[in-house]
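There are 2 protein chains.
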Amino acid sequence: MKRIIISAAALLICAASFAQQALWGAPQVVSPQINEDNSVTFRLHAPKAVRVHVTGDFLPAEGVAKEAVPQFAEMTEKDGIWEYTTGPLASELYSYSFIVDGLKILDPNNVYINRDVASVTNILITGGGQGDLYKVNDVPHGSVTKVWYDSPTLGLKRRMTVYTPAGYEQNRKQKYPVFYLLHGAGGDEEAWMDLGRTSQILDNLIAQGKAEPMIVVMTNGNAGEVAAPGQGPDGFRTPGFQQKGMMDGAFEMSFADVVKFIESNYRVYKDKKHRAIAGLSMGGYHSLHISKYYPDMFDYVGLFSAAARFHEDSESPVYQNEKEQIARQFANAPSLYWIAIGNTDFLYEENVKLRQHFDQMGYPYEYYESEDGHIWRNWRIYLTMFVPRLFK
Amino acid sequence: MKRIIISAAALLICAASFAQQALWGAPQVVSPQINEDNSVTFRLHAPKAVRVHVTGDFLPAEGVAKEAVPQFAEMTEKDGIWEYTTGPLASELYSYSFIVDGLKILDPNNVYINRDVASVTNILITGGGQGDLYKVNDVPHGSVTKVWYDSPTLGLKRRMTVYTPAGYEQNRKQKYPVFYLLHGAGGDEEAWMDLGRTSQILDNLIAQGKAEPMIVVMTNGNAGEVAAPGQGPDGFRTPGFQQKGMMDGAFEMSFADVVKFIESNYRVYKDKKHRAIAGLSMGGYHSLHISKYYPDMFDYVGLFSAAARFHEDSESPVYQNEKEQIARQFANAPSLYWIAIGNTDFLYEENVKLRQHFDQMGYPYEYYESEDGHIWRNWRIYLTMFVPRLFK
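Line by line, the protein sequences are chains P and G.
Those letters in the first sequence? Residues 57 to 448, per the numbering used here, in order.
Those letters in the second sequence? Residues 57 to 448, per the numbering used here, in order.
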């Protein structure tokens, strides 16, 4: 056969003509650029724009709920390229967007993106501290599976995310403890992975010897939904905070189906000592109620910025005689009941009241109060604090 | 305890204040809107914009490589909302972006997004035909796992994507055949899932009884990389077509490591009859070379718009005596050797020459020629044609 001379390079050149930058003829700009001192330079090529701002959670926030109103920083233009450099930033994961003459857009030079409910923003990570726990480092990596389980209680097949730690495939005789990790209102079985960086946090803490190898199960807490937006048969629906079956007891009641699926399909210990549950906001509410409704199931409970309320007026068995339920739970108290919230969180007062009840009744718990409010930065931090406490 | 009166609704209202639309004060517009006749209406609220276009692969393309230069459709403005309605579209998955005064942006009302190398675009699916195979329908769903495997040949731990069909967890005694599905230049272990809709296609074809339940393994074909951009220790790097170790024989040589990992960790048949391999573009090249270098491994081979070339000048053992290698493969010919390409593909001539060699030598194969060129629409279609032919 005649030797074909077209080289790999030709394939690349031809294919590259489909790429974004070739298409739009924009000059190559680097954005975001993380500088030596952890300041970050944002750039955008927009020669026709009149005003360009960058906004994101690296900027100080203002307003009653601090986290609700991030500020905007004005970018300056030279040769059609708009630029803004922050001061040195703490090591963290940040999200940001550009505002071009009032229109919110993503950074066309950054393909790294998170969806938070219906908001899509770019992300970046500054290193040298807490943010290193959110990076993919050169350590052994766990596996992450999107799997459908059967919930007879809800009459649905439902999707969940399961993290199995590095070595799970090889160590065929090892059993693992299980940590159930629940999202908040507007979230789903993707939230803790994408916004919460759970697999990176677990990989890193386990590799550092700070956490036990464990399986982490991230469910969908909207009992009337089967899966995250776009992952179920209702198509590419617009995500919203209001999902079907959020806080009506149905999810809590069905939780035994989740545990049963995991304990039937993974090499796990099947006793209280090896089960943990935690969640943020609505997921903290779910953790509160699931752990009291199944009082002997979990030895570790975490409420992260929880909707820490009882629902004694509801008809669900989950919400009947709630104080008795919680008394039963604490008759054989969990090894760790951990309550964390930020000092400007709009749910702060609910947590004060829950703790007052616990104090009054002598129920043991630990409390951690952080700065700031109802934001993912806090939930990631709480996760990195809670996980090392488990199964020890 | 005093009943806490704050309701779930209050939590939602408070949380909703973080949402995009509340933040930006934009009026609620629906975009994209898929109309009764499969025309699609795009809308964008951009009161300060002077000209707005929509571009995407639903528009006719022009130029030598048809797929390289999509056209732009001008949108018209009323009350600050720009709008464009297409004619009725064939049932397909389409990608699109807006161009606002020269700046390419995503549709802020559509959170559904694909990354193709360094380009991020919105997607939509029109139903009633081929596109239905790309939707999540109300059928049993397989699981999708991102897992790290050991490649001693490459000296790396590497990431891959594994689809296991619905029922895999329950049918503990059933063994499955395995289909290895390879991406093109600039792609990675995410490409066939995100751009190729593989899990949806498999779920749907299996549910319709048109395909055998099978495991699909989607590798990373860049032998010098361990994972997709952002999923490895090199951080949030900018994706490009040029990756490490693309077409130098290393990936092909290491493929036995992939097969070994799968056959050690999944309930699969371990013989030629139950193994298939296919890939697009560079992945077609890899499939050509892997299946000839391991001549008794695969009973089904698919080249989708393949870089269908030999590399007889390379030092890799994979590329030595290539015609003898392929003769050995066809001494015990695969049940199906399937070559598909579009009639405007820039790799068309290479495929003509490969087929001439096969014809000359009397090697059996099937050939399918489609419209259009080197585009994901073709590769999804080829997948829906190839998969029903496997393991029967």
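Be aware that one or more of the hints could be misleading.
Copies of the same chain are indistinguishable here, so a pair counts whether it falls within one copy or spans any two.
[To be verified] Keeping only pairs whose Cα atoms sit at most 27 Å apart, straight-line, the calculated DSS-like set for lysine-lysine is:
hint, residue 1, residue 2
1, K409, K134
2, K104, K134
3, K104, K213
4, K104, K300
5, K213, K191
6, K328, K134
7, K316, K191
8, K300, K229
9, K266, K213
10, K266, K191
11, K213, K229
12, K448, K266
13, K300, K191
14, K231, K160
15, K409, K191
16, K448, K104
17, K329, K231
18, K160, K328
19, K316, K229
20, K326, K300
21, K231, K134
22, K326, K134
Just so you know, the hints here were simulated from the structure itself, not pulled from any lab data.
Run the structure past the numbered hints and jot down the numbers of the failing ones, going up. 1, 3, 4, 6, 7, 8, 14, 15, 16, 18, 20, 21, 22
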